[in-house]
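Full structure from sequences and hints, please.
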Amino acid sequence: MKSKADSDIVKIEDTHWYRDAGKNPLREQGFTPELMLRIEQAAVHRNPQDFIKFNIGKSKVLTGLAAALLVLFLLWPKDGIQQGDLNSESTLKSQSATASQPFPSPGATKYLPTFNSADFEFNGKNYFMTLPLDRDRNASYAADTPEGILWSPAPPMKKNQKTKLLYPTEPYTLYLSSKEQTELSPYSARKVYTFPLYAGGAQAYNFLIGIYGFGEKVFLATGAQNANELTAFPLRISMLNMKRVASGGLVEPQELLTLDTSSNDESKSFLAFDQQHESILLVDIATGQNEKVKDRVRLYDLKSQTMRELDTTIQMGKEGSVAIAQYKLGGVKRSAEIFMKIGWQWYADEAE
Amino acid sequence: MQSNDMGYMAKSSYAPAVTLREMMEEYGSDVWNYAFFLTRSREQANDISQEVFLKAYRNIGKFRGDSSLKTWLLTITRNTAFSYGKSNFWRRFITLDTKQHLPNEVRSAEQEALGNAYANRIWEIIMALPKKNREVLALDIQHGLSIAEMAKLLGVAEGTVKSRLARARDKVRIAIKEEEQE
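So the sequences go chain by chain: A and B.
Last residue of the first sequence: 352 (the numbering used here), numbering continuous.
Last residue of the second sequence: 534 (the numbering used here), numbering continuous.
What the hints contain is simulated information worked out from the structure, not anything from laboratory work.
DSS-like cross-link-like pairs, simulated, lysine-lysine; straight-line CA separation at most 27 Å:
#1 A:LYS162 <-> B:LYS407
#2 B:LYS523 <-> A:LYS23
#3 B:LYS414 <-> A:LYS158
#4 A:LYS23 <-> B:LYS514
#5 B:LYS414 <-> A:LYS162
#6 B:LYS407 <-> A:LYS158
#7 B:LYS407 <-> A:LYS23
#8 B:LYS484 <-> A:LYS23
#9 B:LYS483 <-> A:LYS164
#10 A:LYS164 <-> B:LYS504
#11 A:LYS23 <-> B:LYS504
Structural data, given as C-alpha cells:
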C-alpha cells in the first residue's frame, strides 16, 4: 500500500502519463483461460493427491465439492470452453497420456495445437508437436528441409536436487515427417537417428541444442553436461545430408566441429553459414574497452574439412528478415547467414 | 495494495484459504504481467506463470503473512524468472531463425511482433527501457507497490528503489517529450 511519502515522489508532470499508461501493457490479456487450464492440468499431473487438498489455515482438508467441480471443469466438453483454439479432444488425450504416452495421436493434417505443444512455422505453414506437460517445449526443435520436416521432441528431464541442473532421462531422437503432416508425431514420421543418452560418464548427458536447415544440409548443435556440476562444455556441430536421409536407413550425423565454450560467460560468439561457398563462419566478438583486441574470425570449409583464421572485419546487417554477417576473403566480400548466438553476454546485453 | 488482498492476511492464520483457481483468477494477470516485464516474451511469461502458481500452491503453507499474498507471488515470479535460464543451461545458445533479428538489436522477433500489441505508446517506451528501470516502473504503475515493498522484493535499499524509479521516470518523460516535439 502506498504511503504519502511514496506518492510525494510522483511528481506532477508524471501523473498524466502514469494515468495514460493504464494498468495493462498489452491490448490482450496475457494470462488467458487456456493458460489457467494448462496450469491446472500440470498441477494434477505433478501432484494429483495434493491438488484436491485445500489449505484452510494451517490444516489441510479434502473439499469434495470443490474437487468434484474441478474434475468437472477439466472434463467439460469443448463447447463449454469459450476462448481460443482449444481442442478438448486433444487436450484430454494429452492429459491422460502424460509421460508414458508422449504422442497420443497418429499425426493430424490439421493444425490443432494443444496446451503444451511446441509450435513451428515454415514458409507460412504451422506445425506442432504434442508434448506431455512435463516436457520443456523450448527443448524441442525442428527444421525445414527439402525432404520434409526434421524434428526432435523434448525428452523427459529430471532435476538434480543438489545442483538444480536438468538432465534428460531419455535420449534425443531425430524424426523426419512429411511437410503435409502438420502434427509432428513419431507415429507418422520416420526415425532418423537417436543420440546416445550418456556422454562418456554416468552423470554426463548429451543435449541437443539446435537443428538448422540449409537446403539439403542440416546442422545439429549438441553439447554434453554433467548433472553434478555446471561446467563449460564443448559445443559440437555435426551435419546431416538430407538426400542420404531420404534414401532410407538410419544415418549418423557427420561430426564437423568441436568448439570451446569455456569463455562464453563474458564473450559473445556466433555461427553463420555461407551457403554459396559451403563454409561455416565462426566469430568471437571482441568485448571490453580494449580497442586493439579484434574479433576472432574463423572459416570452416565443408569440402576440404579444414579451418582457417581470417583477417577480416565483420559487418552485421540484414537481408530481408535474415541476419547476415559479411566478411572478406582474398579481397572479395562474402555473406553468411547467422544461425546461432553463443554466450551469456547476449542475455546480459539484453537485460541491461 | 488492493483492498481484497487483506482478506488473505489474517494474523492468526497466515496460509490463506484459497484454491489454485482462485489464486490464479485473483493474481494471474499480476504474475503474468510481471514475468512479461522481466522477460519481454509471452512464451516465457506463460512458462514462468505456470511454475509460479505450481510453486505457490505447493508452498502456500509456508506463506507467513509478512507481506501480501500478491507481493509473495511477485517475489516467486522474480526468483523463477532469474533461475529460468540457469537450470536450462542450453539456453545460453540462441537459435536464430529467418524471422529473427540481429543479436545486437534491442528488439527480438517477438518484441517486433509485440510492437502493435502494446496498449499504447507509453508501454512501448517503458518496455524498451533497461530491465532495472522497467521493473520498478511496472511494480509502481501496474502493481502499486510501496517503496518499502519494492525494496524488499528487489532486495535493495529503499534509496536505491527511489533513484531507479526517478531515473526510469526521467527516461520515459524525456522520450515522450521528444516524440511530442517531432
